[in-house]
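**Student:** So the sequences go chain by chain: A and B.
So the first sequence is numbered by this note's numbering: it starts at 1345 and just counts up by one.
So the second sequence is numbered by this note's numbering: it starts at 162 and just counts up by one.
I should point out that these hints are in silico values taken from the structure, not numbers from a laboratory.
Source: prediction; values computed, not measured.
Glycine included, C-beta positions come from ideal geometry on N, C-alpha and C.
It is possible that part of the hints are untrue.
[Said to hold, decoys possible] To give an idea of the interface, some chain B residues facing chain A are shown, with a C-beta separation under 10 angstroms as derived from the structure:
| no. | residue |
| --- | --- |
| 1 | F490 |
| 2 | S568 |
| 3 | S674 |
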Amino acid sequence: MKNRKKAYLVLADSTVFEGYSMGKEGVTIGEVVFNTCTSAYSDILSDPTYYGQIVAQTYPLAANRGVMPDGEGDEIMSSGYVVREWCDVYSDGGEVSLNDYLLSRGIVGICGVDTRRLTRYLRDKEYVNGAITNTLDNLDELLKKINEYTISGAVREISIKEPVVMKGENARYNVVAVDYGSPRKQLNAFLLNGCNVAFVPAFTPVEKILEYKPDGIVLCDGPADPDDEPELIENIKRIIKLGVPVFAIGLGHQMLALAAGFKIVKMEKGHRGSNQPVRLAGTDTVMVTNQNHGYAVQGETVNPGKAEIIMTNVNDNTVEGLEYKEFKGLSVQFTPKGDIDSSTGFIIRSFFKMMDGETNE
Amino acid sequence: MNEYKKILVLGAGPVKIGQSLEFDYSALQVCRALKEEGITVIFANSTPSALATDKMFADRVYIEPLNIESVKKILEKERPDALLATAGGSDSLELSLELSQNGYLEETGTALLGVDMEVIRSVKNRHSFTEALEEMNEPAASSEVVNSAEEACDFAEKIGYPVIVRPAYTPDRESAEFCYTKEQLFQKAQSSLEASIVSQVMIEKCIAGWKEIEFEVIRDGADNCISVSSVENIDPVGIHTGDSIAVIPAQTLTDSEFTRLRRAARKIVSRFGIQGSCNVRFALSPDGKKYVVTGVDPRFSRTSALVSKATGYRIAYVSAKIALGKNLFEIENDITGCTTACSEPALDYCAVKFPKWSFDSFGTAQRKLGTMMQATGECLAVGTGFEPAFMKAVRSINKNHLPRLESLCELSDGELLKVIEASDDRRIFAVYEAVYRDFPIDEINRITSIDKWFLHKLKNIADTEKCLKADFSRENYEYAKNMGFTDFAVEQITGEEVKYSLEAVFNSIDTCSAEFDAVKPYFYSSFGDDNEAVLYLNTLNSGKKKALVVGCGPVVTGKAGDSDYCAVHCINSLKAQGFEVIVINNNPASVTTDYNVADRVYLDPLAAEDIMNVVAAEKPEYAVLLFGGEEALKKSEMLRNAGVKILGADYGFYRKITNKIEFFDILDYANVKHTSSRRAFVGTCIEAHVISDGENYFVPAVLEHIEKAHINSGDSISVIPTVSVDNSMLCRVEEYISSFVKELPFKGALDMQFVIFDNDLYVTKASVTDTALVPFAVKATGVDAVDIAMRCAAGETLKQIGVQPGIMKRPSKYCVRVPVFSFEKLRGVDMLLGDKTKSTGDVMGVGDIFDNALLKALIASGMRIKRTGAVLVSVRESDKSETLKMAGEFLSQGFRIYATSDTAKILNSNHIAANTADVENAVDMIRKNKFSYVVSTLENSGANDGNAVIRRAALMKRVPVFTSVQSAYTFSKSLANNNVMEELEVNDI
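All chains, please: the whole structure from these sequences, using the hints.
**Tutor:** If you want it as structure tokens, here you go:
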């Protein structure tokens, strides 16, 4: 039998879920969110939108094939991991078990939790902090810490420190991608589709960006609250005046909306999973997208003279995509795929058309 | 949306191996989906045992043969705007394509919905399929069509052994053989060339041992495409998916393997332009590096039903809406109440499917599993992990709830390995036994190609078993319960009474992993913190009295669609009577597990502990057990002890009428004559469905069997009304029933069988669980016998129901029921009938005269009617007088008679000209299509018995075989009397 050391997931209102320790033993605090993906666990762990969050996997069997440590960009971003059951690794492909992976990265996890009950607890709450701990001694002190916890300075913390220039295949465009903590994988959509990418830190001034002579600027995804860093919004306000096409994803999309004067709301029910249906407004096209966000652009505040809502969520009608009118700009709440056969593959191509100088009809 | 006002929906025909109840489930969903849009629904099917042939949703129903002629007639009569055939399996799809291909649909202005001719053509033909995939840059298994055994061997040299040989253009695409050597291939290629209509065979690279992964994809007209779920077959390629243990979702793929296959599946469906549901099958090499597409099925399938039940996603319903022009995001998900069909189901559990074989009922069948499906049914088990789901599946199949079979425990290691290598129906249990004995996992993996992940999971179960045996502590007990062991299983392992307890809870199947608060979830048991069923029930509080209906479990021969049919009628009846109805069942193909049928569904095994878990959560006042057969009835006492009253038959009553001694005693007291074992009673068999309110009785129909010998009533051809029983005898039937009901009063229904022998009437048996003929009787009489019986059971009197006691008036039309068998799918099975049921389903023919009804039913059963040619006769001495009549009738209609030597002597000495043919000759002539019919009634004396060989040969060549002289005689007469098929009328029932 596996390690059966007791561990606990304690939530801000002192609700306790019992389980067993997984990965590093100890205490970790974060915002507790769930994710409904059945696979893609390694992507979730390394996804910076989970920075400062303790992620609970609703699918009960985590990492059946273990985790393939692929070196670059596999830094774990989440503060903790909650599963019902993890699995030893039996294949010969060089994968390591989830337990070993978390151990080697120093991440605290918990298994044996009734994740379904946890999800039902979390689903109607805007924001729940919690902690994974191996002891319930000094619970009051822990609860105090949990309740005081906020995710701040996340982008500053995880954005790259020095610019990196990457050559794309058969490159036709030069793109500057501003990193708010996005996974490197996100850049593949550009690199594999004819773009050279200059991956620059979040706080790179506009003048520096221009030095790369960009055909387009990409505002990448990242974690936490888009209001967190006003300086970044100011920066974006300058970027959109450059006349260079702008493409924004996730956090970038939200900050771009703020820069354009629209408002952001904390959602009643965040989007947490791989099956979020997004409809292309005015068409019958729906895309199945992978999302993790608790904030959204407030649709009513989108000035129709300045931008058009081009995508909405089928379930709750929240804004999923905007096309700007005063400057060449396109933004989406989720990560579009680069693959032409993917239902979201056309989005990046719309951006390429913008860079080509074509207008989107 | 398209403006269709009237649509003809084609059903799938009778239940056969490879085609269980799933098409009744899908047809009902389709009819419901169309009805919601205000469309007039016309439904056609040949079987009476389908719920879709009741007018639940359909406006008009035709129970007619599913062939070109009769469907044309229905189309002419009804003039629908469109034809929908994607929910009726491959046969009805084929039929609709034929109608489309010969231009008939276009001529009559009938649109063909849900399917594209071009697509079907390219996926059905292996050559064009491979080409189409190549165009999409998707890999197909490399294959080549060849015309000779030599060419076959040449191609095999190129791609390397082993290879798969398939005859081209045979009705059954799955008839494939593996060849490992040139000698094997040469031989197999030759026999396959013979079997192929066009004398061609397909040689394919063998990918046996690769992982078999399926995706169920659904796409709308706007090119929105989602993958409903993945399915992983634990048994790798080489064992038919219908015979494989499967798990949903796929478990052993890495992220990138999974993503790659899912993307490929969606791409293929999108590029083919398929609208509606589609099953895409892949073979993935064990190292995960290579994959090939092995199949694309653009219609509702067995897997669709499985995935629907495992996820809560209504695949058939959604496909029907798409066929009408709706898009995924316009179709409601009624489980969550707040999402749409474009949300891919997110699962937070694991579902395991076990096949259920019926080899025991078939007698001598070879049990080896291969590329042809042999399972008759399946069960689905859901758990929060693989182990508990697997253990639930085990107890749905094994009475002792354990994965260790006694018969395997006794084997030596060497013998055990042989069983594993033989890969028969005991395979998974043999693998478990090996794991239990600590055979190296790598070694088992090498032999079986079952992924090590699964083997390690089995090891977890085995370790749990051993831990428990070594130390029956509370901790180990709780651990075992979490792994899926029942208390009953624990008792057997430990040999001790269980002194602990752990309460089960229920989780919801809600399509969304609890992301939303579902409004209509269904449930499975697990061990966890919250009981969601109880939480859900607290929000309802309907105040109604509750009844729990125990379902039929996996389909086995003799307990087929009819149990599920009756159970659904029972549910509807109880609902109409004001009950809140709860179902527990584990059959994913059944209609009872459709969450739109009963008020609540528990998708769990039918073991005592599982039923009691539901009772604990629901606290029903009543339970109905009789549709679950003997095993369910055995739970009568347990339920009564828990304060639950049994509606309808309970175990005590069942025992009374099943135990021959007790039953005959009751008959003696009632002064009712009955058969005895000391004499042979060969005469006309009749059967009555008796409903009683405890005082009076009502018989909706008396039916007559065509065969005079004692074969299982479900396997005999039967007719309503009787054709050779005079009124005085029917009065005797009434007297007998009346006396019996007085002697043994009951509230509900039972089936009573009689034989007329020497102009006297004898009761042969009675049954409460044999419901094979009920759906037929319901259709023939128009009386919902189940409803009346359930009302009686719940306390109403026949008078209150408004039913006139006694035998109902003879219906004006003749209805004939013909059983359907699946012999062609089973190796080494003889067609001769007997005590045990061998039929898997039934068809029905309706006509103004008996002969027309019989002919229609025979045509519906798939028989090819010929009016000329030769008849081969090989019969028992005891059948002599009947044989002479029968042979004489054929002769007088211009048929030539051939007979085996003994039979020929009898015929010729009675002035009926018969040519003599020995077995070898006869078989040769059958292979050369020289016979129109074969009449063969002689017992099978062993493996290579001549008569069995003759019947087998005829079966393979699809020559109609009569195993009863009476049915052959009745048939020959109806051939003389009836009109040609083209002139037979089709009618709404």
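**Student:** Work down the list of hints and note, for each, if the structure agrees.
**Tutor:** Hints, verified against the model:
no., hint, in the structure
1, F490, "holds, 5 angstroms"
2, S568, "violated, 29 angstroms"
3, S674, "holds, 4 angstroms"
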